[in-house]
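Undergrad: Chain by chain, the residues:
Protein chains: 2
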Amino acid sequence: MECQTKDFQQEHKKEMRAVQDAMDVLSGKWKIPIISSLCYYNQRRFSDILNDIDGISNRMLSKELKELEINLLVKRTVLDTQPVSVHYQLTDHGLTLRTIIDNLTAWGVTHRRKIVGK
Amino acid sequence: MECQTKDFQQEHKKEMRAVQDAMDVLSGKWKIPIISSLCYYNQRRFSDILNDIDGISNRMLSKELKELEINLLVKRTVLDTQPVSVHYQLTDHGLTLRTIIDNLTAWGVTHRRKIVGK
DNA sequence: CAGGATCCTATACGATACTG
DNA sequence: CAGTATCGTATAGGATCCTG
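From first to last, the protein sequence lines stand for chains D and E. Residue numbering for the first sequence follows the UniProt record's numbering, beginning at 1 and increasing consecutively. Residue numbering for the second sequence follows the UniProt record's numbering, beginning at 1 and increasing consecutively.
Honestly, I wouldn't trust all of these hints.
The list treats identical chains as interchangeable, and a pair is accepted whether it falls inside one copy or across any two copies.
[As the list claims (entries may be wrong)] Restricting the straight-line Cα-Cα distance to at most 30 Å, the calculated cross-link-like pairs of lysine-lysine (DSBU-like) are: (1) 75 to 63; (2) 63 to 6; (3) 66 to 114.
No lab work stands behind these hints, which were simulated from the structure alone.
Let's have the full structure, built from the sequences with the hints guiding it.
TA: What follows is the structure, encoded as structure tokens:
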């Protein structure tokens with residue numbers, strides 16, 4: 001411990017800022033489920049996602065999708081049907097989250113086993 | 001899309017529950033920075049962590065460490081020195097988060113570049 | 001169908017002060 | 001040093017109703 005220089009610590013703080021940047025985008029109750037849904041189904045309408053995710057309200061879905069759009073993770077496409085339908089899909093950048101989601105899924109499974117016990 | 005069976009959807013909902021389980025443990029402002037700190041330094045005292053993480057209060061650190069302990073991610077050890085010092089370290093189970101944290105860190109970096117522009 | 005507007009509650013979090 | 005207690009605020013999120 002005594003050998004740790006200021007640079008060493010600064011390097012770590014930089015890393016922490018990066019993880020927090022990531023978590024700022026992904027935290028909350030619904031972001032990951034939404035991304036997960038779009039990952040799984042590739043292309044999805046508003047009401048489909050509403051159905052994919054148990055317990056989410058339209059208000060929340062709308063709000064979260066907007067934030068994901070702002071963060072360039074999701075692309076919104078309005079189709080001029082009657083009545084209008086709207087498609088959501090992950091951008092290329094959004095797709096780069098796939099590995100993380102998969103890892104989190106796997107970890108979630110083993111964690112539950114660990115906590116609840118089997 | 002039309003070929004998706006009920007089973008297919010149920011499988012996906014299971015996966016989503018798993019990611020949410022993971023996020024329940026990791027969400028919030030401080031959990032990941034704390035784990036990151038313990039990952040980096042291996043063993044750390046309360047006041048050290050307080051120093052590692054910019055902006056965290058002792059109240060929050062105390063609270064978050066307790067939750068991490070309950071989730072078996074962190075082990076607390078009291079050393080009978082005068083005055084007492086307390087060591088925190090990741091459990092084996094906590095260490096399994098390393099990959100995820102590394103991935104999130106890397107993703108955070110590219111995401112910031114993407115959003116802020118370079 | 002795809003949302004927006006409104007209202008309300010819970011909890012996350014912050015600041016400060018105190019203790020063994 | 002390693003916390004706990006107390007108080008206050010802000011934000012996340014839920015419920016319900018409305019609209020082009």
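Undergrad: Would you pick out the hints that fail for this structure and give their numbers low to high?
TA: none
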